[in-house]
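Enquirer: Assemble chain B onto chain A, guided by the hints.
Each protein sequence line maps, in turn, to chains A and B. The first sequence: position 145 = 145 (our numbering), numbered continuously. The second sequence: position 117 = 117 (our numbering), numbered continuously.
Since the hints were derived computationally from the structure, they do not count as laboratory data. For glycine and all other residues, C-beta sits at the position ideal for the given N, C-alpha and C. Errors might be hidden in some of the hints.
To be verified - Restraint-style ranges between C-beta atoms, simulated for each label pair: (1) B:E315 x A:A271: 52 to 58 Å; (2) B:D141 x A:E400: 47 to 53 Å; (3) A:L103 x B:G11: 37 to 43 Å; (4) B:P336 x A:D56: 55 to 61 Å.
2 protein chains.
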Amino acid sequence: MSAPAPRLDDGFLAELRAIAGDRVVTNASVCERHGRDESYHPGHPPDAVVFAHSTDEVVALVRACAARKAPIIPFGVGTSLEGHVAALNGGVCLDLSQMNRILAVRPEDMDASCEAGVTRKQLNESMRDRGLFFSVDPGADATLGGMTATRASGTNAVRYGTMRENVLSLVAVLADGRVIRTSRRARKSAAGYDLTRLFVGSEGTLGVITEVTVRLSGIPEAISAAVSAFPDLAAAVNTVIATIQAGVPVARIELLDEVQMKALNRYSKLAHREAPTLFFEFHGSAKSVVEQVETVAALARDFGGADFQWAIQPEERAKLWQARHDAYYAALALRPGSRGMATDVCVPISRLAECILETRTDIDRSGLIAPIVGHVGDGNFHVVFVVDPDDQNEMRRAEEVNERMVLRAIAMDGTCTGEHGVGYGKVEFLPAEHGEALAVMRAIKRALDPDGIMNPGKILRP
Amino acid sequence: MSAPAPRLDDGFLAELRAIAGDRVVTNASVCERHGRDESYHPGHPPDAVVFAHSTDEVVALVRACAARKAPIIPFGVGTSLEGHVAALNGGVCLDLSQMNRILAVRPEDMDASCEAGVTRKQLNESMRDRGLFFSVDPGADATLGGMTATRASGTNAVRYGTMRENVLSLVAVLADGRVIRTSRRARKSAAGYDLTRLFVGSEGTLGVITEVTVRLSGIPEAISAAVSAFPDLAAAVNTVIATIQAGVPVARIELLDEVQMKALNRYSKLAHREAPTLFFEFHGSAKSVVEQVETVAALARDFGGADFQWAIQPEERAKLWQARHDAYYAALALRPGSRGMATDVCVPISRLAECILETRTDIDRSGLIAPIVGHVGDGNFHVVFVVDPDDQNEMRRAEEVNERMVLRAIAMDGTCTGEHGVGYGKVEFLPAEHGEALAVMRAIKRALDPDGIMNPGKILRP
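Chain A extracted, bound-state conformation:
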């Protein structure tokens, strides 16, 4: 992995073109765009981008790359957040976004099989009238392949799980061109190592995921949303803990801190109280949703929660959640011309209030602008540093706050990333988090990709 990658010579290019014709692109702007994700991390363009159309084609492309030990970087729509798609050593980007056929939707099994380039919204729209939905919602309209590779998560995870729980099986092309299907479609199995879970979250470093079978969920009979403001962060987080412990099957439970609420009011011309606020969503039968709302409203009141507004009608709900969905842009609008530097950690819920409060204090002390937003039911929260990327000093301070937050989370038995993944942005934190287990990850990587051609430099330092 440390040898310099062979640049694309004419022979190699001809070989790729023999496989994928004019879907092999070396145009600088296309390469530029494919070496960069939505994060603040510097992009690294690949030497070529190939728009693959089938698993067989991926096999041929991987074999061609493997023969020259050229790096392969799988790409969906580039919405990752830790530099996952950067071609750190050049090489070939395999863009799978045109592999976007929904292969099967099986209502009776509540699952669907899709090519890796199908996006979550595409899948959901295709099922609109069938009473089913795919639950994992990371915000961006990412591809299922990308979401699988990064073990994506999002607002619904507290009830429906992350990609870890929602991928039933997948097809991957290994570094030597072999194709595996990681498991059958049965809901459970005790037949050997859990290769599905090994590939979920492997960030393209073990193979190229070309097909994914996901669980679907039934669209609930009733959905209700609610918002409540709290006197302080601790009160809000304690309400979350009490809700989870009471066994309320809440579908979403999101925390927005006072900085974020202020940003929202300004951005969306709203009049929310500028205090730590929880956004809830409840799914179930009509009766059960009412019961859930009553239980949580009572818990919120116990912790000083006010203004328990709730909304049943789709339009009202949409309006309520729009605020949450606008959070990122509202944050950026706090400072025109700025960029967002998004990061996330996840801790056991008992440590969540402490972790958020210490982080809030650290941010405030640093003089940076950075709202906190969290999928708090899972103990997961995000900080978006609203920075001027050209201000070296400011970037350094943001990175220092980020580093302290990550080490704080790890010290609390948490993780350096709950859902954004490692990419190359968090590689440095894995030794602190995993210790000797990192050597096991390395051994697995070596066993499956001895030449280190699969998305080198991600998860594991070369």
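Expert: Frame of chain A; chain B shown alone:
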């Protein structure tokens, strides 16, 4: 792995004794007992059994074995069902049952950390008054280490998941004596390969699990059980499918076929209708449980379900479920002096009726006695062949029916085992199920255990 194992010489024995004193046992009956599980598979005694007391001791024992390339077979309480603990090449059995300290119960995080030898009942009894329970219930009072190693499951899995979903983190001693902790305690993480899931279900072939952190669930406010008999198997299974699709969060949904119901009536002097029968359990708030029962009762009626008896009081419920719990012994009582040959498969739920019906027909045609019982919400079902183990012809016929059932399940995109695991009993079916993916499992095994000393012959043929 193919070289004959070194028998226990005096030097080796002395080394083991230097580590674990008189907890190193070579007594024939102890060895015999440790080489055999609850299955029909022939036992293979290890050369010695060591009752380990700590992770550090396991490290020293593994190092001593590794230096001599002696096989290591981890052992909990021996309730596995596919010969998982058989010392096929001799070697040292590491009995972890005395590592039975509950290290922490954390109600606020709803998790608990335990040494591998803690049993599920021990953990549940320790939390009796805390409103929490550990949900995975494979029937036997297995150890958490053993349940983790075999990816155990059981009646509650349809609602609460299997060990795959309920293990948050674990500590394992690798084949070279290194100790890893597979992840932190956060509920979700995107920080690298999912080693937790890799070790869950690895059956002692990648390392010795010495500590497990599991999720806990809140004891529901209300629990209700119900039983309903159906005109035929298809009607019962279709009720299950409709229940799952309706999104009823049923906690248990068990099918007993007419052979099993007849066995139960005879064994427990009950008067159930001798027809395919579903046993349900509903968990939730008092209101939600009533609503669930009403929904499912209506669905059952649609499919001709009769006698929808339901029970709320703990004693009534216990009585109802006792029948389900007695299923195995009731089956054996059909034929005094017989042994049970238990096997399981799991298919996508759309194929469940077909798979069960074809299997029932095949059993009946074979002239064997074999009730079918299933955790049908997951598409998982069991057959217990009630056999005379000394009758070679009968055993062969049972094995043939089993083989046809497994291949049928695989052809329906199912798995050769939903929850019993591979052990050495189902090793032969993995190529049909996994194809090329089996080579990936082998590569991982080689990477972590190059000398093949960790429970050789299980999951992967040497």
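Enquirer: Does each hint fit the structure? Answer for all of them.
Expert: Here's how the hints hold up against the structure:
1. Checking the proposed 52 to 58 Å range against B:E315 and A:A271 shows it holds: the Cβ atoms sit about 56 Å from each other.
2. At roughly 51 Å, the beta-carbon separation of B:D141 and A:E400 lies within the given 47 to 53 Å, and the hint holds.
3. The hinted window of 37 to 43 Å between A:L103 and B:G11 is violated, with their beta carbons roughly 60 Å apart.
4. For B:P336 paired with A:D56, a C-beta distance near 59 Å keeps the hint of 55 to 61 Å intact.
Against the hints set out earlier in the document, a violation occurs for number 3 only.
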